[in-house]
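**Student:** Starting from the known structure of chain A, arrange chain B on it as the hints suggest.
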Amino acid sequence: MSSATLESPGLVPLAGLGKRARGTIRLLEMAGDELNRLAGFGICMGRTVELIKRGDPLILRVYGTRIGLSARLAQCIHVEPADGASPDTAEPR
Amino acid sequence: MTLAPAPPDTPAHEATRTAPRRQTIALVGNPNAGKTTLFNALTGLRAKTANFPGTTIELRVGALRLAGESVRLIDMPGLYSLSAASSEERAALDGLLGLAPEHPAPTALILLLDSTNLERNLFLASQVLELGLPTVIALNMVDLAQRLGLRIKVAELSRELGCPVVPVVAKTGRGVDELRAELERVIARRPDVPHQPAAERARQLDTQSQHQRYDWAERVVGRCVVHPDRQIHGRSEAIDRVLTHPVVGVVAFLALMLGVFYLIFSLASIPMDLIDGVFGWLGDVAAGLIPAGPLQSLIVDGMIAGVGGVVIFLPQICILFFLIALLEDTGYLARAAFVMDRLMRRVGLPGKAFVPMLSAHACAVPAIMATKVIDDRRDRLVTILVLPLMTCSARLPVYAMVTGLLFPTQPLLGAAAFTGAYSLGILAAISMALIFKRTILPGQARPLVLELPSYKMPSLKTAFFVMLDRGIIFLKKAGTVILALSIVLWWLANFPEMQPGDVPAGTAAQVAALEAQAAALETAGQAEQAALAADQAADLISQQQLAHSFLGRLGHLIEPAVLPMGFDWQLGVGVLASFAAREVVVSTLSILYGLGEEGAEGAALVDQMRAATRPDGSLVFTLPVCFSLLVFYVLAMQCFATTAIAAREAGGWRWALLQLGYMTVLAYGAATLTYQGLTWLGAA
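So the protein lines, in turn, are chains A and B. Residue 1 is where the first sequence starts when you use the numbering used here, and the numbers rise one by one after that. Residue 1001 is where the second sequence starts when you use the numbering used here, and the numbers rise one by one after that.
Excised from the complex, chain A in its bound form (with noise of 0.2 Å):
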């Protein structure tokens, strides 16, 4: 995404995250609608997610539930992964 984004240390685009690992939404780099749209879903500030499949679209858990989600939003939602789950960085990006 935009090289702009003040990536804070710790934190991956959700993309990013190794298959089956967990992180925390800690920033959500988009307009307000979206925001509005996502949080519907559950995915919002704060919420941990589970990486189920990745691609694009790719595959989240978000409280129990199964959402799909184009990769274009995705780039833009960042995450702190869960303990013992490494940002997966084997994986050209």
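In case anyone wonders, no lab produced these hints; they're calculated from the structure. Be aware that a few hints might be false.
As the list claims (entries may be wrong) - Computed from the model, here is a short list of chain A residues facing chain B with C-beta under 7 Å:
1. R20
2. R37
3. G46
4. Y63
5. L69
Ideal Cβ placement from N, Cα and C applies to all residues, glycine included.
**Tutor:** Then chain B, alone, in the frame of chain A:
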């Protein structure tokens, strides 16, 4: 069809002072939480579908008996959040929830929560409860929650939320009586002062508080739900590993849709023949009751035949809707949208547009109605605009006629022409979508966010209701418009009436000879031969009548305009007559080539057309003309049922007219190019 939450001339406060207005209960909840099933369980068969005034937001309205009183129940669109609504949804929500001053608030709300996914459902609940309306919470799918090992403390939850909570299983009807009893209590407690619009409160649904709402939801769930030690993810995830696979998922989807189409075309033929028979019988009965003359002709040839020609597509529409509703109910359609999203986005449309685009290959009417699933208004409009370019089943008789003309003895080439026509439609739809996305409706397709609900057994009853709803909307919308247009077209084709003096001398002599022949055969006892000769005479007269009519004259009038496409005045008449329903061109041409209406059924028409010559003696249906005709009917709108439905679903006639306009221009341009190009190639 309009619907207002209350009679527009009786503001709430006045109504409560004079006669008590009919009470209204609105049903609110997440999509996939079982809202439709609960609505059906509460209202039974008496529901009808209507758009909220001035919007394309569709609501189901039913009646519910509470304490001996008939209460109106409104099934609101499924919502994940009140603040995520589009401007159109916003208008409908404000009206229904009493947030707009001109609409009274509902008496009470039923807030449906999926007990297997309480945290997320409580997010919407936090917004809905803030509206301050009397609310009863229906906690659905408690059986499934139990199976998953969740234990929900209902009394505790009711205390936390500050309103009654009733556990239900909408599918089996468990708890529905308790829900009714609770609603009766809430309604009885209702204060006589009407609810004040809480507009300012609703405006507080801002993004700032979103995470606080989830914090609250998590706290409530923490106190009221005991989770199992181990989470069960079930079979859905295993199935999805196959069905959301980028390659296998697409193949599986296409195979499934092939099955759907097979069912549509194989099952629909029986009721279609039946409808054809019924309208034929109606025509015969009417012809028997009404003395021959203009009135009989109007009713039989104009109204009954015109409406019958459209109603015949009802079985296809119903079967398609039934199957799509079943697929949607299983949860599969979300997967279809998921796997198609990446491919569809290349043409600027979301994955959810794909099922409507496939459906349009049976009929554009249900396809346009199925675009409701597309969240973004611009994406939805573009999809509606391009859908009728797909080859629907009404184009098949026209394709069959033209390929018969072109390649009567080469089935392989005929098949290639058919395939080419289908491909041209798809290609045109994709190109037009790209053009619309870069011009009048700019912007990329809205990025995908969608829930992949757990798979479940579909409900035949729900699918049946959906089918019934759609069928009725089609009959009402298309039926009335088509009836009006059929009358106009009938009048144009039958007036002014031909007087004996108007018949050209040559034709008059032919008719007289045939009639004399018929009489002679009759007396010789050869009744069959006699009838044949009489029919030929009648066909000749119909041919002359049509040529003499306003429509025939219009055909002559527009001949210079259709000439660039290689069309003569007769094809011009065919184009005009099939304006309301494209397949009519076949029967019109049959009349024009002197075979009567029945001639359209057999091979005789194609033979007659192949032999047809222009005044200078050259053949009419040369190769360039045939291809031009084919291209024209691939791309032209020529279906007023679709135009009427497009106006309803796009939210205004201007979109439907834009569609009609661009398709006509496109068809004209492409047919001209085809004719001129092939003629030039042939000459070169």
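**Student:** Classify the hint on G46 (chain A) as holds or violated, based on whether any CB of chain B lies nearer than 7 Å to its CB.
**Tutor:** Interface hint status for G46 (chain A): holds (5 Å vs cutoff 7 Å).
**Student:** Is the hint on L69 (chain A) kept, meaning its closest Cβ partner in chain B is under 7 Å away?
**Tutor:** This hint holds: L69 (chain A) lies near chain B, its Cβ roughly 6 Å from the closest one there, short of 7 Å.
**Student:** Under 7 Å, Cβ to Cβ, is where R37 (chain A) needs to be relative to chain B, so tell me if that hint holds or is violated.
**Tutor:** 4 Å, holds
**Student:** Hey, does the R20 (chain A) contact hint survive, CB to chain B under 7 Å?
**Tutor:** 11 Å, violated
**Student:** Are Y63 (chain A) and chain B close enough, Cβ to Cβ, to be under 7 Å, as the hint says?
**Tutor:** Y63 (chain A) check passes; min Cβ-Cβ to chain B is 4 Å, inside 7 Å.
Against the hints set out earlier in the document, a violation occurs for number 1 only.
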